[in-house]
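There are 2 protein chains.
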Amino acid sequence: MNLHEGKPFTSLGPRIRKSPFFNATRKAGYHTYTIYNHMYMPIVYETPEIDYWNLINNVTIWDVAAERQVEMAGPDAFRLAQYICPRDLSKCQLGQGMYVPLVTEEGGMINDPVLLRLAEDRFWLSLADSDILLWAKGIAMAKGWDVNVFEPDASPLAIQGPKAKPLVANLFGDWVLALKYFWFKETELDGIPMVLARSGWSKQGGFELYLTDRTRGEELWNKIMEAGKPYHIAPAAPNQIERIESGLLSHGSDMDMRDNPFEVNLGKFIDTETEADYIGKSALQKIKAEGIKRKQVGLKWNDQSPSNENHLAVFKGDKRVGKLTSSAYSPRLKHSIALALLDIDQTEIGNVVSIESANGRLDAEVSKIPFLKASI
Amino acid sequence: MNLHEGKPFTSLGPRIRKSPFFNATRKAGYHTYTIYNHMYMPIVYETPEIDYWNLINNVTIWDVAAERQVEMAGPDAFRLAQYICPRDLSKCQLGQGMYVPLVTEEGGMINDPVLLRLAEDRFWLSLADSDILLWAKGIAMAKGWDVNVFEPDASPLAIQGPKAKPLVANLFGDWVLALKYFWFKETELDGIPMVLARSGWSKQGGFELYLTDRTRGEELWNKIMEAGKPYHIAPAAPNQIERIESGLLSHGSDMDMRDNPFEVNLGKFIDTETEADYIGKSALQKIKAEGIKRKQVGLKWNDQSPSNENHLAVFKGDKRVGKLTSSAYSPRLKHSIALALLDIDQTEIGNVVSIESANGRLDAEVSKIPFLKASI
Chain C
204 MNLHEGKPFT SLGPRIRKSP FFNATRKAGY HTYTIYNHMY MPIVYETPEI DYWNLINNVT
264 IWDVAAERQV EMAGPDAFRL AQYICPRDLS KCQLGQGMYV PLVTEEGGMI NDPVLLRLAE
324 DRFWLSLADS DILLWAKGIA MAKGWDVNVF EPDASPLAIQ GPKAKPLVAN LFGDWVLALK
384 YFWFKETELD GIPMVLARSG WSKQGGFELY LTDRTRGEEL WNKIMEAGKP YHIAPAAPNQ
444 IERIESGLLS HGSDMDMRDN PFEVNLGKFI DTETEADYIG KSALQKIKAE GIKRKQVGLK
504 WNDQSPSNEN HLAVFKGDKR VGKLTSSAYS PRLKHSIALA LLDIDQTEIG NVVSIESANG
564 RLDAEVSKIP FLKASI
Chain Y
204 MNLHEGKPFT SLGPRIRKSP FFNATRKAGY HTYTIYNHMY MPIVYETPEI DYWNLINNVT
264 IWDVAAERQV EMAGPDAFRL AQYICPRDLS KCQLGQGMYV PLVTEEGGMI NDPVLLRLAE
324 DRFWLSLADS DILLWAKGIA MAKGWDVNVF EPDASPLAIQ GPKAKPLVAN LFGDWVLALK
384 YFWFKETELD GIPMVLARSG WSKQGGFELY LTDRTRGEEL WNKIMEAGKP YHIAPAAPNQ
444 IERIESGLLS HGSDMDMRDN PFEVNLGKFI DTETEADYIG KSALQKIKAE GIKRKQVGLK
504 WNDQSPSNEN HLAVFKGDKR VGKLTSSAYS PRLKHSIALA LLDIDQTEIG NVVSIESANG
564 RLDAEVSKIP FLKASI
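Read top to bottom, the protein sequences are chains C and Y. Count the first sequence with our numbering and you get residues 204 to 579, in order. Count the second sequence with our numbering and you get residues 204 to 579, in order.
Just chain C, with the same shape it has in the complex:
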């Protein structure tokens, strides 16, 4: 497979930000990148399949500094955080993270960050790709609230895979093994400051190190690569194959402002009964009460995956009933898989629909997600 074939080039200019790990990733030989939150983010090193097996079998190191943070700090920080998050944040303890679908007043999804509570009055949102900094800052200003909203010097580096635990325990101590999922602690490695969280955009287990001194990115990367040698560590990146197998969503691909959380199986993260006031509450209550008209499902089929370049249309007979939102060939399942948004009457497990690909229609079967269980 010639990975270069048909792929456009891009330029490296000063308009797009470089991560603190940028030089390290370049030396490590990344092949393909995207732009995410106005920052370059490597997404392929060898091939998506080789990177995938490194993640599944061993341990991988990912430059995900492009998951930028929005910090909310000050007397009204809790008030602002609660207002923009549709979950009851009084339940969020210090040192705890929570996955929060952010929505507009109409209930449309604008991001799906992890919220980290660093202090009673200090929060981070670890973002998918949209300028929530502008959203949060504009709202705080318009409300006249006393809260400082800014992007802190905090750049996540993910360590993911089944051998992440022994590697990170080796570097930081056995306390990391006791961290609950999404919990975190401020720590350091040979004086390099960071927030260490048990989290990451895979279901193979692992940690995210939020480096809080951007001048020390290459140093941190190199220390981890060195310590990871016995575990066969390899540079990699958020992997499309594994994350679709695991049912992890990518904002912009699997949902956007036109979709609500209930449609993409995120209803369990929405507190419609809480007393707390938040943006979109009445819209989400109404959607929940009335029921959704379309829903995200898994699709599987035996042929090779069609091009994942666009949102391919899905049909039932002559009727268009939805669209693919992301797809890949699963090397472990040995068939193709996709996430799709379908009309609600087409979402029963086992239902067969057709995907409209460049090479004609492909029959696919509605399947449960995740396609594969987490190894965390």
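Treat the hints as calculated values from the structure; they're not laboratory data. In this text the structure is predicted, and so the values were computed from the model without any measurement. Beta carbons are placed, not taken as given, at the ideal position from N, Cα and C, and that holds for glycine. A few of these clues could be false.
Unchecked claim - Part of the chain C face toward chain Y, derived, beta carbon under 7 Å:
1) 215
2) 217
3) 338
4) 342
To be verified - Capping the alpha-carbon separation at 30 Å, the derived lysine-lysine pairs in DSS-like fashion look like this:
5) Y:221 x C:522
6) Y:471 x Y:346
7) Y:576 x Y:294
8) Y:522 x C:221
9) C:406 x C:503
10) Y:489 x C:346
Mind docking chain Y on chain C? Use the hints.
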């Protein structure tokens, strides 16, 4: 020159949006693209130099659909537009556009769109690369104003170069020649609806056609390419060489939230004396009264341009006095040029400073901007 050398690849996936002209640009053979407002945008076809000469000598067609629009419509549309724009919008007539630096409460630049007034109570912001949709929508909601804020189906296609006028007059009629700079009119071409504006991110003259039916992008592109043959039309893109020569700014590269409009020579677009209330007014009044501490200047030097990958540091002797924000080799001037942000005491025309490049220091002279006069 091997354009591929050292350049990373990127992938084409469903996460990033495709412009209505995407298929047309691919068939036209774009070589390099970037991601802008969550959308692919071609930036090089042949080489930056060949594209440049096509723009300087003839006429070029650019897919700039990634300059997405934010529409503000409804009873409080003027109120919202005025609140987020630091210019007196009562002066903006129907059919008129205005360049507006958008700022935070602290006066930091978050975008520099063109505002188009489509009706008394209907505006578009034609954006640089940041989610002003979230900014404007969040503020309107927090204020409780009665205004609909959304991204309309409007995708600019630019026609730029000295032969843009005869070409566009040929297609649309001689009325286009009477359009004043930044003014626009709703029109159509063989039933393809659009807003036609005299504008564009070059100083070689031309128009932007805001296509308002995204299903007809390829059709519009092809009609213009066909009509442009006698004028030697070529596909091209926002050109870094020409725009630096002309002193046009790129948000993210030449300024960002850490910079105020006065520092980057945009003070003439700020109305600090108006009665209108807008975000950042008191901060901008204070900055204007106290004077700025650093300022954007041009730099020129005889060697080849160093890598434009990063914001290179600028020194005066041992003292760091600023940074390059964008640079290129000018084929018309036959020397290198750059935009730079320097400490105010280093900004006198003729002052010699040093640029820290990978190959050592380069002496450069402070120069007026624009480097070359507009041909509009």
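### Task
Measure nothing beyond the straight line between the CA atoms of residue 471 of chain Y and residue 346 of chain Y; if it is 30 Å or shorter, mark the hint as holding.
Distance ~29 Å between residue 471 of chain Y and residue 346 of chain Y Cα, so the pair holds.
### Query
Going straight from one Cα to the other, do residue 522 of chain Y and residue 221 of chain C come out at no more than 30 Å?
Status holds; Cα separation ~25 Å.
### Message
Just to be careful, I want the Cα atoms of residue 406 of chain C and residue 503 of chain C compared with a cutoff of 30 Å; is the pair within it?
### Response
holds, 20 Å
### Task
Take the C-alpha atoms of residue 576 of chain Y and residue 294 of chain Y, compute the straight-line distance between them, and say whether it is at most 30 Å.
holds, 27 Å
### Query
Does residue 217 of chain C pass the interface hint, meaning its C-beta sits closer than 7 Å to a C-beta of chain Y?
holds, 5 Å
### Message
The hint names residue 342 of chain C as touching chain Y; please verify it with the least Cβ-Cβ distance against 7 Å.
### Response
holds, 4 Å
### Task
Classify the hint on residue 215 of chain C as holds or violated, based on whether any CB of chain Y lies nearer than 7 Å to its CB.
holds, 5 Å
### Message
Hint validation: residue 338 of chain C versus chain Y, beta carbon distance must be below 7 Å. Holds or violated?
### Response
holds, 4 Å
### Task
Assess, step by step, whether the Cα of residue 489 of chain Y is no farther than 30 Å from the Cα of residue 346 of chain C, and give holds or violated.
Holds: residue 489 of chain Y and residue 346 of chain C sit about 23 Å apart, inside 30 Å.
### Task
Starting from residue 221 of chain Y, check that the Cα of residue 522 of chain C is at most 30 Å away, please.
holds, 25 Å
The structure fails none of the hints (numbered hints given earlier).
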